[in-house]
Each structure stands twice: as structure tokens, then as C-alpha cells.
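Peer 1: One line per chain: the protein sequences are A and B, in this order.
If you number the first sequence the way the numbering used here does, the last residue is 127 and the count never jumps.
If you number the second sequence the way the numbering used here does, the last residue is 200 and the count never jumps.
Honestly, the hints are just simulated from the structure, not real lab data.
Note that the structure is a prediction, hence the values are computed from the model and not measured.
Glycine included, C-beta positions come from ideal geometry on N, C-alpha and C.
Warning: the hint list may mix true and false statements.
To be verified - Okay, the calculated bits of chain B under chain A, using three or more residues with CB under 8 Å as the criterion:
id : segment
1  : 123-130
2  : 187-200
As the list claims (entries may be wrong) - Covered stretches of chain B (chain A as the covering partner; in silico rule of three or more C-beta atoms under 8 Å from a C-beta of chain A):
id : segment
3  : 90-101
4  : 133-146
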Amino acid sequence: MSVTILVIDDSLMVRQQVSRALTGAGFSMLEACDGLEAHQKLAGGADVRLIVCDVNMPRMNGIEFLEKMSANGLSIPVVMLTTEGQPELIQRAKALGAKGWIVKPFKPEMLVAAAKKLTAAAA
Amino acid sequence: MNLIEQEAFDAIVRHLAESTVDMFESYGISISQASEERVSQLDVNAQSVVASIGYAGEKVRGALVLIASRAAVETWLWAIGEPNGGGDVCDTLGEFSNMLLGRLKGRLLAEGLPVLLSTPTTAAGSGLRMARPAGAHVRLVFDGPTWDLEVLISATFEEGFSFKEPAKREVAAEAGEMMLF
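If we strip away everything but chain A, and leave its shape as in the complex, we get (with noise of 0.2 Å):
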């Protein structure tokens, strides 16, 4: 059974690209347009093994998505996928237990051998 990884990003082309990506390399995708969708769908029990994860979005961003999948003890891990380089917002998702950073625009090979290494490293 193929390693399902979320995709969090409130751009319908992104979640496109990220997913034609990672389904290119034998992962399975489930995708949410912001940090509230993507914890209902987490709360509602999908077995997730990666998170790739945007900063600014609507409703709930992805610094305070890291924040709430912090005080509900959830450990899977996030790769934010952003526009944003800031250091401190990356100092920020570090210490919330983000385990990567990518700047979009991303190159599709980066992202997949990320989410190797990472699903990996999980397991």
C-alpha cells in the first residue's frame, strides 16, 4: 500500500503540481485548501505520513497549523512549501517541529526526494 501525504495550500495549482509530483513517484495524495480543512481531515482519521504544508493561507495559516498539530500532540511530519523565506518564520516552523523549508517555486525532483527521506525516516 503506497504512503499517503497531505498537501495544505489554498492555490488549486500548487496542490496540483505537488500532487502530480508525488503520485509520479508512488505516493498517495489527499489535499486540504487551508490548516482548518487539513486538520478535520486529519480528526476525521486519514492515515497520513507526510505533510506538505504552505504558509499564508485563509482561515488557518500554516505557522498556526503547525501550532495546533503541536498542542494536539501529532508528530507527522510537515514540509512548509512557500513563498515566504523570512528567516525567523523559518526559525518559527523549526521550533514547532516543521522538518523542512521550500521556497516556491520548487522543483518537483526536490520535493519527491524530500518526501522519500522524510516518509523514510518515519517509518
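Knowing the structure of chain A, use the given hints to seat chain B on it.
Peer 2: Chain B alone, transformed into the frame defined by chain A:
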């Protein structure tokens, strides 16, 4: 505007122009900034898509607005690898505006001008026209291979605006960069 505000706005416009060219270059699309005269020659009756994002820093705030024809955005979908050119043009322009302002934010951070960004708002229609915004603003036009892109940036400064001290300036991670912790 006083001299510091003018310096800041000039930096915003300069980095915006460079960031726009860089962003399209990263997708293999060559564009160049057109002359100011070209703005008045644009076909405002064409089917267009518009995206706007706000930004705010200490004693400065403004917005970035992108306008492109529907046909232009559809060619970008091809360039980013969307099979069959499928995808939502509003969503796509919104994400491009997000990436552009993200790049600009990183450059401004190094200038001592940190800002926070909102999320994009988009619309599509015909005959879209940009109204003159309050405060300082500049409208740039870029020539793509078969299309034009209009980019408008505005900035309003409050009394007491200043750049951060050079010692406290930061360097942002760049587009395409990845770090694993």
C-alpha cells in the same frame, strides 16, 4: 513623500521589476519591462484576470495588483507543466502574485524593510481597469513572448517611517531553495 519614503518606494519598485523578470525566468519564460508609453496602448477590453495582495510593515502599507489577459495566464499554465493547459486562471494569477510578492518581501528584508503579506484576491472579466490608488504608486508593463503583464504597486507611508538598522537586516531564503531540519 520625504526623502526616506522616496528611497523606500524607489527600492520597492526596483526590486519589484527585477523580481517579476526573475520569477518568469524561473519558469523558462523571458519577459522584459516595457516603456511607460505602452501602458496607454493596452487593450482594456480584452478578457482579463486580476489578482491583488496587500502588504504591511511598520508605518508602511500597500498592495500589489497584477493584470493579465486570460490567454496569457493560460500560456503560463502550460509553462508550469499543467497538462492540457488546464487549471483555473484566477487561482493561477493569484499564486503568481503570491510568489512575486514573496520574492519582493525577501529582497525588502535585506533592505531593512520587513513586511507581512495578505492572501491574494482575484477576479476575471472584460474591460477591467485599475483605479488610481491613494499614496505612491507605479504601474509597470512587461512584454512576454505573446502577451503583456501589468503590475501595479502602491505604498502609503506614515509619519516616522524609517528603514531598519543595517545590523538588524536579514537575508531571506531564495526561491527554489530547500532546507531540511
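Peer 1: Could you run down the list of hints and mark each one as holding or not?
Peer 2: Evaluation of the provided hints:
no.	hint	verdict
1	123-130	holds (count 3)
2	187-200	holds (count 12)
3	90-101	holds (count 4)
4	133-146	holds (count 4)
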